[in-house]
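*Asks:* Just so you know, the sequences run in chain order A and B.
Note that the numbering used here has the first sequence beginning at 1, numbered continuously upward.
Note that the numbering used here has the second sequence beginning at 1, numbered continuously upward.
It is possible that some hints are incorrect.
[Claimed, not checked] Calculated lysine to aspartate or glutamate pairs in the DMTMM-like style (CA-CA distance at most 25 Å, straight line):
#, chain 1, residue 1, chain 2, residue 2
1, A, Lys385, B, Asp12
2, B, Lys209, B, Glu239
3, B, Lys278, A, Glu274
4, A, Lys385, B, Glu39
5, B, Lys401, A, Asp334
6, A, Lys385, B, Asp271
7, B, Lys372, A, Glu185
8, B, Lys184, B, Asp224
9, A, Lys304, A, Glu400
10, B, Lys401, A, Glu342
11, A, Lys122, A, Asp215
12, A, Lys385, B, Asp224
13, A, Lys89, B, Asp287
14, B, Lys401, A, Glu218
15, A, Lys304, A, Asp215
16, B, Lys9, A, Asp78
17, B, Lys395, A, Asp334
18, B, Lys126, B, Glu274
19, B, Lys126, B, Glu39
20, B, Lys395, A, Glu342
21, B, Lys10, A, Asp78
22, B, Lys126, B, Glu239
23, A, Lys304, B, Glu274
24, A, Lys385, B, Glu274
25, B, Lys9, A, Glu145
26, A, Lys385, B, Glu43
27, B, Lys278, A, Glu218
28, A, Lys385, B, Asp285
29, A, Lys122, A, Glu137
[Stated by the list, open to error] Computed spacing ranges between beta-carbons, pair by pair:
#, chain 1, residue 1, chain 2, residue 2, range
30, A, Arg353, B, Asp224, 40 to 48 Å
31, B, Val202, A, Glu342, 24 to 32 Å
32, B, Pro326, A, Asp86, 30 to 38 Å
33, A, Gly108, B, Gly75, 39 to 47 Å
34, A, Glu342, B, His155, 34 to 42 Å
35, A, Arg353, B, Arg123, 20 to 28 Å
36, A, Thr138, B, Gly75, 28 to 36 Å
Treat the hints as calculated values from the structure; they're not laboratory data.
Note that the coordinates shown come from a computational prediction; the quantities given were computed from them, not determined experimentally.
No residue lacks a Cβ here, since even glycine has one placed at the ideal position from N, Cα and C.
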Amino acid sequence: MSGRNRRGRDAMGVGLAAINRLAGAAVIDRLKLRKPIERAVFEGSKAGFRSVGAANRTFAAVQKRNRPERPGPAPGRDLFDLTPTDEQKMIVEATREFAAEQLRPVAGQADTDCTAPDTVLKRSVTELGVTLVGIPETLGGLGAERSTTTGALVAEALAHGDMGLAVACLAPAAVSNALVLWGDETQQATYLPAFTGDDVPAAALAVVEPRPLFDPFELRTTATRTPGGGFRISGTKSLVPRAATAELFVVAAQLEGRPALFIVESGSKGVLVEADPGMGLRAAATGRLILQDVDLPAGALLAKGDDSAYADCIRLSRIGWAALVCGTGRAVLDYVIPYVNERQAFGEPISHRQAVAFAVANIGIELEGARLTMLRAASRAEQGKSFAREAALARRLTAEYGMQIGSNGVQLLGGHGYVKEHPVERWYRDLRAAAIMEGVVLV
Amino acid sequence: MTINLETPKKFDMLINQAHQVSTEIFRPISRKYDRAEHEYPKELDMLASLIDGMNASGETNTGARGVRRKSGAQGNQNGSNMSGVLSIMEACWGDVALVLSMPRQGLGNAAIASVANDEQHERFDKLWAAMAITEPSFGSDSAAVSTTAVLDGDHYVLNGEKIFVTAGGRCDAVVVWATLDKSKGRAAIKSFVVEKGTPGMVVERLEHKLGIRASDTATIRFTDCRVPKENLLGSPDIEAEQGFAGVMQTFDNTRPLVAAMAIGCARAALDEIEDRLKEAGVEPDYDRPAYTQHAAAAAYLQMEADWEAAYLLMLEATWMADNNQPNSLQASMAKAKAGRVAVDITLRCVELAGSLGYGENSLLEKWARDSKILDIFEGTQQIQQLIVARRLLNKSSAELK
């Protein structure tokens, strides 16, 4: 093979294809010619599944205010400081504990099952209040001012437990944060109350579409205005977390040539959900959201279609993904250090070899650099400063080095890294998502 | 106590001053002294006086002498370690070699600021001090010092040869690493301030180099060179490992400075290539995915991201120093990242600019030569990785060699 492999099918290929079809035929099974193979739970039971959106609760405006409630920007700061506030320390400590005790132990099984245990999702709401951080106190949440950094620190701490489960837990918060940031008074009154109680609905911010070189600023999902003042929206969104159970989506679609965000209730006619399991993030139960001429009311459009709000949404979600990578990257580092110190080869710990030790050093260096970049972006965002540059750089670093860290995590464990006894193979699969995902989390 | 990674307004004036010096003084003479290797950049004398004046009047010391650690301050501090790297970075955006040739801004001054007692600090503060560690027989293995210092009455008698002494030809004094007793290992290694003109100290030759040609790199020989014993920096006692830890502490302060040089030099190349690419119709967009843009724009975004990581690692290391937190790990991380990123960025920018970048009409090719030393001196890339690895893995230098 020199250059692109251009060989076509020849006589031998035709023969092989025939044998392959035969090998897959059911008759062989009936004749008990094959040992029973373990069925891949998700692929077998769900890959062919397509259903209408999850049964929907009724969202209705109860107490409407005269104007939307939004947290103001955090006060500007002057001195460089890497010390979190006391409140952040408390929140992060609680989240770390939750990640270590509730997420990490069930992460392997959740990955296999392609779903997050209900108890975990519930506890993320009742014990951690993942949605409350971004919602203002006046609307039943905890936030007084913008807390992008707190959101990022929480995402990081959760992903140290498991990235897939972290995404599953954080998915509804992306929708409530979008409503807080860009919803008008009616949208907030209609949807936000559901996110401040104990029974937070599954919800997702759907941006990604299934095509190479996907660009969130040029969407194929399109919305058009309908005569009654509403919208009609069509398109396919991929890797949507908890898609099958989500009751509410915020969907990115092109409106009059510009990207915008729409609120879509899962019960709307024309909403279909299909399983879309990926290489990783399997605990997040990712699915495709298929919108076929879905009619939306006039009030479905967020931020009046303002494209600077849309750009901020993409940037904030990239900061969220960068934070997730920092958490899982740290998990890799914390896992490989004791392993390479204990594993013996040639009469000494393998960490006594520079080839191994330098790989560990580089994980540490790149992780710290990416983390600082992510924190700078988050901190700028909440202070109301421009952050397009910083968010982009945090994403580039976590895309590049997050994957490198995932790969080296497996490499340092050698064959043991490749098998499911150790979590590094899962982190390898999860970390590939960082460069691909848009939306989904919003800090 | 709130996370913020912007630098404080109080440093703006200092950074701006450094920027003006870079643009108005360094850049115009940058190529001239790259070509005229070993010729003294006389323009720098006046500038040095100007900077001394700024130091005397301002609240913080700039540059190399700003690394002295102060204790007793309460609350979050952004002090002279941070302002030092910011001004050095800005100045090196102008020209690294000229910064290395700045009177009284030598790494020896940083060493004095790091380990001298108050009396010595006062006495040597006005000197332009170079740093002499490396010998012909060793580079990275700084515990292998074979230059000897023997106490004889009120003097130490130094014998040995030092190479790669930056500004060794032009400086007023040299901070020399020598051993009091080779058999006692690292603990016996001490640093001595040797003033120029001391009998027995001879500058033997200057090197011809790949880059930083405006900066002189000297070989200095010490033959029965008698140095007053009060010129020994720190404690003269040989305490197990304590002493070496003392001289090594210099590096916690100087490595962020060298990182700053790398970051300044890399920024110069990035700024230049951004302009050249724009002329060629390529403008990177931060929001669009890198891979949907021109390959040169994608390359720019990756370089910019790596630059940002190095810059913030450098700030973190100095912030810790300003707040009296141990920062060896962070200083080495900053130096490792900045060193390799500067080489990658400056070389990539030459490639992107093509023959325009390779030719001497542009400074891009010069920056690509200058940057290489920044991944070598004050501890090579590999030494930084060793330090980071030992810290992360909790290994001694005997275990992880």
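*Asks:* With reference to the structure, classify each hint as holding or not holding.
*Replies:* Here is what the structure says about each hint:
Proposed proximity of A:Lys385 and B:Asp12 is supported: the alpha carbons are some 18 Å apart, at most 25 Å. Simply put, B:Lys209 and B:Glu239 have alpha-carbon atoms about 39 Å apart, too far for the 25 Å limit, and the pair is violated. Between B:Lys278 and A:Glu274 the CA atoms are separated by roughly 44 Å; this puts the pair beyond 25 Å, and the hint is violated. As the CA atoms of A:Lys385 and B:Glu39 are separated by approximately 47 Å, the hinted pair breaks the 25 Å bound.
Note on B:Lys401 and A:Asp334: the hinted pairing holds, with a Cα-Cα distance of about 22 Å set against a maximum of 25 Å. Between A:Lys385 and B:Asp271 the alpha-carbon distance is near 22 Å, which keeps this suggested pair within the 25 Å criterion. For the proposed pair B:Lys372 and A:Glu185, the alpha carbon gap of about 58 Å is over 25 Å, so the pair is violated. For the given pair, B:Lys184 sits about 21 Å from B:Asp224 by alpha-carbon distance, which is consistent with the 25 Å threshold.
The straight-line distance between the Cα atoms of A:Lys304 and A:Glu400 is roughly 35 Å, outside the 25 Å bound, and the hint therefore fails. Of the pairs offered as hints, the one joining B:Lys401 and A:Glu342 holds, with about 17 Å between alpha carbons and a cut-off of 25 Å not exceeded. Our distance criterion of 25 Å between C-alpha atoms is broken by A:Lys122 and A:Asp215, whose separation comes to about 34 Å. Note on A:Lys385 and B:Asp224: the hinted pairing is violated, with a Cα-Cα distance of about 61 Å set against a maximum of 25 Å.
Distance check on the hinted pair: A:Lys89 and B:Asp287 sit about 31 Å apart at the alpha-carbon level, beyond 25 Å; violated. Our distance criterion of 25 Å between C-alpha atoms is broken by B:Lys401 and A:Glu218, whose separation comes to about 52 Å. For the hint linking A:Lys304 to A:Asp215, the alpha-carbon distance of about 22 Å falls within 25 Å, and the restraint holds. Taken as a hint, the B:Lys9 and A:Asp78 pair is honoured in the structure, with Cα atoms around 7 Å apart against an allowance of 25 Å.
A hinted pair counts as satisfied when its Cα atoms are at most 25 Å apart, and B:Lys395 with A:Asp334 qualifies at roughly 15 Å. A threshold of 25 Å between alpha carbons decides the hint, and for B:Lys126 with B:Glu274 the separation of about 40 Å lies outside it, so the pair is violated. Our distance criterion of 25 Å between C-alpha atoms is met by B:Lys126 and B:Glu39, whose separation comes to about 23 Å. As the CA atoms of B:Lys395 and A:Glu342 are separated by approximately 12 Å, the hinted pair is consistent with the 25 Å bound.
Using a Cα cut-off of 25 Å, the hinted pair B:Lys10 and A:Asp78 holds, with the two alpha carbons roughly 9 Å apart. Restraint check: the Cα-Cα separation between B:Lys126 and B:Glu239 comes to about 30 Å, which exceeds 25 Å; the hinted pair is violated. Simply put, A:Lys304 and B:Glu274 have alpha-carbon atoms about 35 Å apart, too far for the 25 Å limit, and the pair is violated. Restraint check: the Cα-Cα separation between A:Lys385 and B:Glu274 comes to about 23 Å, which is no more than 25 Å; the hinted pair holds.
Restraint check: the Cα-Cα separation between B:Lys9 and A:Glu145 comes to about 23 Å, which is no more than 25 Å; the hinted pair holds. With a C-alpha separation of about 40 Å, the suggested pair A:Lys385 and B:Glu43 falls outside the 25 Å cut-off, and the hint is violated. Among the hinted pairs, B:Lys278 with A:Glu218 is consistent with the structure: their alpha-carbon atoms are about 23 Å apart, no more than 25 Å. Note on A:Lys385 and B:Asp285: the hinted pairing holds, with a Cα-Cα distance of about 18 Å set against a maximum of 25 Å.
Taking the CA atoms of A:Lys122 and A:Glu137, the gap is about 21 Å. The hint holds against a cut of 25 Å. Range check, A:Arg353 to B:Asp224: about 44 Å between beta-carbon atoms, so the 40 to 48 Å window is met. Between B:Val202 and A:Glu342 the Cβ separation comes to about 54 Å, which falls outside the hinted range of 24 to 32 Å. Distance hint for B:Pro326 and A:Asp86: a CB-CB separation of about 23 Å, inconsistent with the stated range 30 to 38 Å.
Separated by about 45 Å at the C-beta atoms, A:Gly108 and B:Gly75 satisfy the suggested range of 39 to 47 Å. Distance hint for A:Glu342 and B:His155: a CB-CB separation of about 53 Å, inconsistent with the stated range 34 to 42 Å. Range check, A:Arg353 to B:Arg123: Cβ separation about 47 Å, and the 20 to 28 Å hint is violated. Between A:Thr138 and B:Gly75 the Cβ separation comes to about 33 Å, which falls inside the hinted range of 28 to 36 Å.
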